[in-house]
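If you read the sequences in order, they're chains A and B.
Mapped onto my numbering, the consecutive letters of the first sequence carry residue numbers 18 to 669.
Mapped onto my numbering, the consecutive letters of the second sequence carry residue numbers 6 to 77.
Take the hints with a grain of salt, since some may be wrong.
As the list claims (entries may be wrong) - Think about it this way: if two alpha-carbon atoms lie no more than 27 angstroms apart in a straight line, the pair counts; the simulated BS3-like pairs of lysine-lysine are: (1) B:11 - A:267; (2) A:533 - A:353; (3) A:277 - B:11; (4) A:148 - B:30; (5) B:30 - A:267; (6) B:8 - A:267.
Note that these hints are calculated values from the structure, not bench results.
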Amino acid sequence: MKGYTLSRREKKNLARILVSLALFAALFIADKIVVLGNVFQGPFAWLFPFALYLAVYLLIGYDVLWRAARNIVRGQVFDENFLMCLATLGAFALAIYRGVTGQEIEGFDEACAVLLFYQVGEFFQSYATGKSRRSISALMDIRPDYANVKRGGVVETVDPSQVQVGEVIVVNPGEKVPLDGTVIAGAASLDTKALTGESLPREVAAGGEVVSGCVNLTSQIEVRVEKTFYDSTVSKILDLVENAAEQKSKTENFITRFAKYYTPAVVIVAVLLAVVPSLVTGAWSVWVYRALSFLVVSCPCALVISIPLSFFAGIGAASRCGILIKGSNYLEKFNKARTFVFDKTGTLTKGNFAVTGVYPPENRAEILRLAAIAESDSSHPIAKSIVACYGKTPETGYTLTNIAGEGVQARRGDDEILCGNEKLMQSRGIACVRPEGAGTVVYVARGNRFVGSVLVSDEPKEESKEVLSALHGMGCRTVMLTGDNEQIAARVAAELGVSDYKASLLPQDKVAEVEKLLSEKPAKESLCFVGDGINDAPVLMRADIGIAMGGIGSDAAIEASDIVLMQDDLRGLPLAKRIAKKTMAVVFENIVFSLAVKAIILILSAVGLTNMWVAVFGDVGVAVLAILNAMRVNGDYRKKTATLPPQAAAEE
Amino acid sequence: MKKVFKMQDLDCANCAAKMERAINKIDGVHAASVSFMMQRLSVDADDERFDEIVKEIVKVCSRVEPDCRILV
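Using the sequences and the hints given, assemble the complete structure.
The following block contains the structure:
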């Protein structure tokens, strides 16, 4: 319970509850020993215990009474406060009736206790939700409060939103990086834990990119701002987390719909229970008492509070592991995910392509020069690797045209360079030679004449195999989509052990392929698409659940996807799956448990096998247990990863 | 237009659900969601009448739970 302090209102309430509890206990024990109703004799003997219990009742319940009065004036008949007051005041009335008619004086304690325990329950609910809320808000700590911006040689402290792109900011040790940018001076270790859940600090030096929300651990750095605050990673993440609860799960909607009918239904049954059997038997006080017990359990709060709390805890637990989930509906759907579709490049493989051969070798310099010109503007990893291999700044002045799924055309006057795959060459009728070796081949032609080819290879990520087999172990099917040719796809698929693969896909084919898979799967299951967010936004949106990898720095991916793995690590997938499973299990337990207990109390009350004490304990007890159960979701799931079979641990 | 409001002292989960239903019934509101956990209300409503609708929302919510305030 560390890190959570009660608000002033909660402290006041707690004090009131404790004092009332003590007074009630004293009164109750005194009543049992000396029987307060017998202290005075005569027809008004009931007044003495009544006055004492009423005092405690008013102390603990004045706010409930006040709210009830106010809400009933506003026409809220099914207001919980009102129903609770009706039940307790009704119990008082019955006790007074007993006193006046000379029966045994009892029942005042009960009326008082019901309201007291109701308040205890309310307090606990408020405490638990407040605590849970705050543990999620810890994530909000990434919001930077200020930026030190260099203006005219002086460092000014301003609001991060006031800083323009291109300005230079200074980040001192212990401060948060307020905006995304590039380091221009200094070197430091950055703590990215709040963003990614990764505990190892990240080293940056001049030329390196920094992401807002990280904390500078070591020494001062100067950063050139590349994005305004609104576009910075930290704003995107905060937006996402704050809006997470907007997308409600089916279960939550079911519960609120259920609650809408539950309270009126119970109240109507209570009225019938009070009137009908009484008219038949004439035993009014018996049946009115049973009806009042109904009102005590008429509040659906245990359910209504514990379900969103469970989801919220699940989203919170995930975000602590660097997995951002955009809404509880996605958590719900993710639990049903049985098909995982992966983009190959950058997702299953590292995507850090490297040029592994240039053919024919004697023309290496010229081929790379031409290829670099054509690929100079592309963010595709293959293009980047070619430019990197060229090593110099590519010539400019060419107009670059992207030919989807085929390659790039670079034109300057009559000079035309074509750079792309076999399809591009075939469509232009250029004869080309495929070099030996596995990997992606980029063919280069100039003026419709074949110049040579560049062989680029990619390697699988270390964790891909382990993650795929973990997903298979959870009964999921995995499909790899790639734009690469059959040969490469087959090799990578075999190496990683994916269940299925589709090769030679154009970007638009990926959407079609996902649609086909969507139509094949059973309606109850859901399909995830996992991509790195580069060029696959349409697929991310089309899939039931779009999962983007390495959210840092790719705001397009954050927007298009439903779940973001902030760390570029696939192990987040089985982790998220475990969290989703646990959350849904707890949600299910809470629904069944709460409904069952309420139903039992209702039945027992109706047949008179129980009293109001049991009803209020049942009601409040269920709420408390459901909340405690919901909080179980909020554990640390990474610890369990450490206890994987030794073989998996050894591979790491 | 879509806008998010913070809510203060939203104490009861069932009230949040009641508010959400009531707000969704207001004419001109396309979609509204009250999150009890985040203490947040998000509304998507007609642009032209937005301010008017917000006033209506405040009224509706104070009828359900008078203690709760919407921070406009």
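Evaluation of the provided hints:
| no. | hint | result |
| --- | --- | --- |
| 1 | B:11 - A:267 | holds (24 angstroms) |
| 2 | A:533 - A:353 | holds (18 angstroms) |
| 3 | A:277 - B:11 | holds (24 angstroms) |
| 4 | A:148 - B:30 | violated (32 angstroms) |
| 5 | B:30 - A:267 | holds (20 angstroms) |
| 6 | B:8 - A:267 | holds (23 angstroms) |
Violated hints amount to a single one, hint 4; each of the other numbered hints is respected by the structure.
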